[in-house]
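Using the hints, position chain B against chain A.
There are 2 protein chains.
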Amino acid sequence: MGTSSGRRVGRPRAAQRPDSGLDPRAELLVAAAELFTTRGYAATTTRAVAERAGMRQASMYHYVSGKEELLAELLESTVTPSLDRARELLADDAAPAEERLRALCRTDVELLCAGPYNLGALYLLPEVRTERFAGFRAVRSELKDAYRQLIAATAVGGGLAKGELELRTDLVFGLIEGVILIRRSGPERPVGEFARATADAALRITGA
Amino acid sequence: MGTSSGRRVGRPRAAQRPDSGLDPRAELLVAAAELFTTRGYAATTTRAVAERAGMRQASMYHYVSGKEELLAELLESTVTPSLDRARELLADDAAPAEERLRALCRTDVELLCAGPYNLGALYLLPEVRTERFAGFRAVRSELKDAYRQLIAATAVGGGLAKGELELRTDLVFGLIEGVILIRRSGPERPVGEFARATADAALRITGA
Numbered sequence: 003m004g005t006s007s008g009r010r011v012g013r014p015r016a017a018q019r020p021d022s023g024l025d026p027r028a029e030l031l032v033a034a035a036e037l038f039t040t041r042g043y044a045a046t047t048t049r050a051v052a053e054r055a056g057m058r059q060a061s062m063y064h065y066v067s068g069k070e071e072l073l074a075e076l077l078e079s080t081v082t083p084s085l086d087r088a089r090e091l092l093a094d095d096a097a098p099a100e101e102r103l104r105a106l107c108r109t110d111v112e113l114l115c116a117g118p119y120n121l122g123a124l125y126l127l128p129e130v131r132t133e134r135f136a137g138f139r140a141v142r143s144e145l146k147d148a149y150r151q152l153i154a155a156t157a158v159g160g161g162l163a164k165g166e167l168e169l170r171t172d173l174v175f176g177l178i179e180g181v182i183l184i185r186r187s188g189p190e191r192p193v194g195e196f197a198r199a200t201a202d203a204a205l206r207i208t209g210a
Numbered sequence: 003m004g005t006s007s008g009r010r011v012g013r014p015r016a017a018q019r020p021d022s023g024l025d026p027r028a029e030l031l032v033a034a035a036e037l038f039t040t041r042g043y044a045a046t047t048t049r050a051v052a053e054r055a056g057m058r059q060a061s062m063y064h065y066v067s068g069k070e071e072l073l074a075e076l077l078e079s080t081v082t083p084s085l086d087r088a089r090e091l092l093a094d095d096a097a098p099a100e101e102r103l104r105a106l107c108r109t110d111v112e113l114l115c116a117g118p119y120n121l122g123a124l125y126l127l128p129e130v131r132t133e134r135f136a137g138f139r140a141v142r143s144e145l146k147d148a149y150r151q152l153i154a155a156t157a158v159g160g161g162l163a164k165g166e167l168e169l170r171t172d173l174v175f176g177l178i179e180g181v182i183l184i185r186r187s188g189p190e191r192p193v194g195e196f197a198r199a200t201a202d203a204a205l206r207i208t209g210a
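Protein chains in written order, with the working numbering: chain A, 3 to 210; chain B, 3 to 210.
If we strip away everything but chain A, and leave its shape as in the complex, we get (with noise of 0.2 Å):
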């Protein structure tokens, strides 16, 4: 923890983080995805993610209410840009929906990707299924939801009926999210060369 100084009362983070430019919530986030990831999510007192921020416990405080507050805006952070780039393509009815599929896949796989820690495990945490983190399960079924209506709008898609509308769905969405599995234990590859094929992977599980 380091000692502290009479200047340096109330701020004690200043001197020990002088490099990373974040200001301390998004320090202290970065943190947390790497102590979730690495140590695990009971494993991870809150002690630990305020030293890895370079702050004491008490100053954490001020910036969130604590672990589980941590965990669900990492985990709406890999769901959200994709929701929003979803909801555009579904306003944009003039493109045809194989095209716009194709796009969500890619960007949905890129974010799946991004960050130097993969975020897409704590998906599994058993406390993700608690009301805490009702908000990141209804993102992540809107988002599922905008892959239904894309799928509904190809040329395959809407001649399927509704359960196997709903199965080819869940293996697209289960495809993408699958590049956790895959991040978790594949070679590493080029991330935009990745995601076009897994773009045109989900796309032939549609039929297209």
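There are no misleading hints in this set.
Reference listing, derived: stretches of chain B covered by chain A, where coverage requires no fewer than 3 residues with Cβ under 8 Å from a Cβ of chain A:
#	segment
1	40-49
2	181-195
Under 8 Å between C-beta atoms, here's a sample of chain A residues computed to sit facing chain B:
#	residue
3	Arg41
4	Gly42
5	Ala44
6	Ala45
7	Leu127
8	Leu169
9	Asp172
10	Gly176
11	Leu177
12	Glu179
13	Val181
14	Leu183
15	Arg186
16	Ala199
17	Thr200
18	Ile207
With a straight-line Cα cutoff of 30 Å, these simulated DSS-like cross-link-like pairs (lysine-lysine) come out:
#	chain 1	residue 1	chain 2	residue 2
19	A	Lys69	A	Lys146
20	A	Lys146	A	Lys164
21	B	Lys69	A	Lys69
22	B	Lys69	B	Lys146
23	B	Lys146	B	Lys164
24	B	Lys146	A	Lys146
Please keep in mind that the hints were generated in silico from the structure rather than gathered at the bench. From the three backbone atoms N, C-alpha and C, an ideal C-beta is built for every residue, glycine too.
Below, chain B alone, put in the same frame as chain A:
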């Protein structure tokens, strides 16, 4: 934990688990499967596993060396039966590779959907990257290699460059393991039908 009587010293479990018909080691595996997937691995103590299995912590060590052994065995149970099937299918080179690949996908999806607990969710634990779980990672890697060989033996796969074969193998394997994520949040479906649909999707990804 109950009270112990003189009669039950040394075999405290008998009176508490009369119905399961499982041997003590299997009982511990069932208890660990439940607790690791519902409470989390780090948050589960060996004592909690022993209690759930109706035995004392000290008795548990007659059957397993601890939590890591239970996790390793649970992880391997999600892969070994599929690998056994893959070896049979690789040996059966009279049958078309497409049909053998389809059969492997179905077996694997059925296994990943089997049992009351989604054990595949444990793949993403940070602990699984440690040396203790090298055995599991080796079996999983061998299974993935079987997929690669079967894809390479298909009519389309035979013409693929090495990098493209690797990529399609990763995508097929990611789709199959992505079932873990679908199972977590998707609707309940008859497993046989879902396994067939996933196998069809896998074949489409290979280009067959």
